[in-house]
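Colleague: One letter stands for each residue in the lines below.
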Amino acid sequence: MSARVQTAPFDLAAELAGFGAGAGAIVTFTGVVRDDTGNMAALEIEHYPGMTERALSDYGSEAAIRFALSDWRIIHRHGRLAVGEPIMMVATAARHRQAAFQAADYLMDWLKSRAPFWKREIGHDGAVRWVDAKTSDEDALSRW
Amino acid sequence: MTLDVLYFAWLRERIGQPRERIETDAATVRDLIAELAARDDWHAAAFADLAAVRCAVDQQLADLDAPLAGAREVAFFPPMTGG
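Line by line, the protein sequences are chains A and B.
In terms of my numbering, the first sequence opens at residue 1 and continues consecutively.
In terms of my numbering, the second sequence opens at residue 1001 and continues consecutively.
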């Protein structure tokens, strides 16, 4: 049960070694930097040092209670990431798959609109643009 | 009281610095914003549209009417876009 914020890449296989031992179901989600504009060279991710890890831990603990998770892990990267690079991962372990899937989905919705990260697109031409929050991300939270 | 005020993403860019230490008697976040916005054009521009501003008081998400009594750090930022 842990949350980390880091610049370094993560190794999914290494992260899952020993994760959720004894659980009946493990779900993992990996977010990858994608180019929506056709002109994107990289994504720059800013966060709020001091607050971010604690916020992630709080969401993880909340999900653990709500979905009776036996284990969970959240890793989110910051800094400059190229298109195609993994940006974050969520792993959840529970007795049954439905709880593991739901918990991962729930954590993603919270991360999108409540975790203190901001994304900035860097274009091949040098153009820089902050990514706007989507109202659909905010709406997704109301499901829970 | 002495407050550390932090800015992130485009609020940081508009204001031109990531943090500042200020003396204030603001009772709520909204009062603090009014005080900051009156300082200069950069602060005014950053706080021009409050619907696009989120905040945290002592590293906990808070709404704009949150009280500031006893607070040490207030952060302002746009809606989050993680994940």
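Derived from the structure by calculation, the hints contain no laboratory data.
Beta carbons are placed, not taken as given, at the ideal position from N, Cα and C, and that holds for glycine.
Careful: at least some of the hints might be erroneous.
Stated by the list, open to error - Here's a subset of chain A near chain B, in silico, CB distances under 10 angstroms, partners left out: (1) Leu-16; (2) Ala-41; (3) His-47; (4) Tyr-48; (5) Met-51; (6) Ala-55; (7) Arg-80; (8) Val-83; (9) Gly-84; (10) Glu-85; (11) Met-88; (12) Met-108; (13) Arg-114; (14) Arg-120; (15) Glu-138; (16) Arg-143.
Claimed, not checked - The calculated label-pair distances, taken between Cβ atoms and stated as ranges, are: (17) A/Phe-29 / B/Ala-1051: 28 to 34 angstroms; (18) A/Pro-86 / B/Ala-1027: 43 to 49 angstroms; (19) A/Asp-11 / B/Asp-1049: 37 to 43 angstroms; (20) A/Leu-141 / B/Arg-1030: 21 to 27 angstroms; (21) A/Asn-39 / B/Asp-1025: 43 to 49 angstroms; (22) B/Asp-1049 / A/Ala-21: 45 to 51 angstroms; (23) B/Ala-1052 / A/Ala-127: 47 to 53 angstroms; (24) B/Ala-1038 / A/Trp-144: 28 to 34 angstroms; (25) B/Arg-1072 / A/Arg-97: 42 to 48 angstroms; (26) B/Gly-1070 / A/Pro-86: 14 to 20 angstroms; (27) B/Arg-1021 / A/Asp-11: 36 to 42 angstroms; (28) B/Glu-1020 / A/Arg-97: 22 to 28 angstroms.
Claimed, not checked - A few chain B positions that, by computed beta-carbon distances, are all more than 10 angstroms from chain A: (29) Arg-1021; (30) Glu-1023; (31) Ala-1034; (32) Glu-1035; (33) Asp-1040; (34) Trp-1042; (35) Asp-1049; (36) Leu-1050; (37) Gln-1059; (38) Leu-1061; (39) Leu-1064; (40) Asp-1065.
Colleague: Would you mind marking each hint as holding or not holding in the structure?
Modeller: So, going through the hints one by one against the coordinates:
1. Leu-16: violated (19 angstroms)
2. Ala-41: Status violated, d = 18 angstroms.
3. His-47: OK, holds: A/His-47 within 10 angstroms of chain B, min 8 angstroms.
4. Tyr-48: Interface hint status for A/Tyr-48: holds (6 angstroms vs cutoff 10 angstroms).
5. Met-51: Since the shortest Cβ distance to chain B is 4 angstroms, the answer is holds.
6. Ala-55: Hint holds; A/Ala-55 Cβ to chain B Cβ min 8 angstroms, cut 10 angstroms.
7. Arg-80: violated (15 angstroms)
8. Val-83: Status violated, d = 16 angstroms.
9. Gly-84: violated (16 angstroms)
10. Glu-85: violated (14 angstroms)
11. Met-88: holds (6 angstroms)
12. Met-108: With Cβ-Cβ at 6 angstroms, under 10 angstroms, it holds.
13. Arg-114: A/Arg-114 check passes; min Cβ-Cβ to chain B is 6 angstroms, inside 10 angstroms.
14. Arg-120: At about 7 angstroms, which falls below the 10 angstroms cut-off, the nearest Cβ of chain B leaves the hint on A/Arg-120 intact, so it holds.
15. Glu-138: With a closest approach of 8 angstroms, the A/Glu-138 hint holds.
16. Arg-143: Interface hint status for A/Arg-143: violated (16 angstroms vs cutoff 10 angstroms).
17. A/Phe-29 / B/Ala-1051: 28 to 34 angstroms: holds (30 angstroms)
18. A/Pro-86 / B/Ala-1027: 43 to 49 angstroms: The hinted range 43 to 49 angstroms holds for A/Pro-86 and B/Ala-1027, with Cβ atoms some 44 angstroms apart.
19. A/Asp-11 / B/Asp-1049: 37 to 43 angstroms: The hint (37 to 43 angstroms, Cβ to Cβ) holds, given that A/Asp-11 and B/Asp-1049 are roughly 42 angstroms apart.
20. A/Leu-141 / B/Arg-1030: 21 to 27 angstroms: At 23 angstroms between Cβs, range holds.
21. A/Asn-39 / B/Asp-1025: 43 to 49 angstroms: Holds, at about 48 angstroms.
22. B/Asp-1049 / A/Ala-21: 45 to 51 angstroms: At roughly 49 angstroms between Cβ atoms, A/Ala-21 and B/Asp-1049 fall inside 45 to 51 angstroms, so the hint holds.
23. B/Ala-1052 / A/Ala-127: 47 to 53 angstroms: Since the Cβ atoms of B/Ala-1052 and A/Ala-127 sit about 21 angstroms apart, the hinted range of 47 to 53 angstroms is violated.
24. B/Ala-1038 / A/Trp-144: 28 to 34 angstroms: Violated, at about 39 angstroms.
25. B/Arg-1072 / A/Arg-97: 42 to 48 angstroms: Between B/Arg-1072 and A/Arg-97, where Cβ atoms are some 44 angstroms apart, the hint holds.
26. B/Gly-1070 / A/Pro-86: 14 to 20 angstroms: violated (40 angstroms)
27. B/Arg-1021 / A/Asp-11: 36 to 42 angstroms: holds (41 angstroms)
28. B/Glu-1020 / A/Arg-97: 22 to 28 angstroms: violated (49 angstroms)
29. Arg-1021: holds (16 angstroms)
30. Glu-1023: The claim stands: B/Glu-1023 keeps its Cβ more than 10 angstroms from every Cβ of chain A (closest is about 22 angstroms).
31. Ala-1034: The claim stands: B/Ala-1034 keeps its Cβ more than 10 angstroms from every Cβ of chain A (closest is about 23 angstroms).
32. Glu-1035: holds (22 angstroms)
33. Asp-1040: holds (22 angstroms)
34. Trp-1042: B/Trp-1042 is indeed farther than 10 angstroms from all Cβ atoms of chain A, at 17 angstroms.
35. Asp-1049: B/Asp-1049 is indeed farther than 10 angstroms from all Cβ atoms of chain A, at 12 angstroms.
36. Leu-1050: B/Leu-1050 is indeed farther than 10 angstroms from all Cβ atoms of chain A, at 15 angstroms.
37. Gln-1059: Given that some Cβ of chain A is not farther than 10 angstroms from that of B/Gln-1059, nearest at about 4 angstroms, it is violated.
38. Leu-1061: Answer for B/Leu-1061: violated, closest chain A Cβ roughly 7 angstroms.
39. Leu-1064: holds (16 angstroms)
40. Asp-1065: Fine: 19 angstroms to the nearest Cβ keeps B/Asp-1065 off the interface.
The structure fails hints 1, 2, 7, 8, 9, 10, 16, 23, 24, 26, 28, 37, 38 (numbered hints given earlier, in ascending order).
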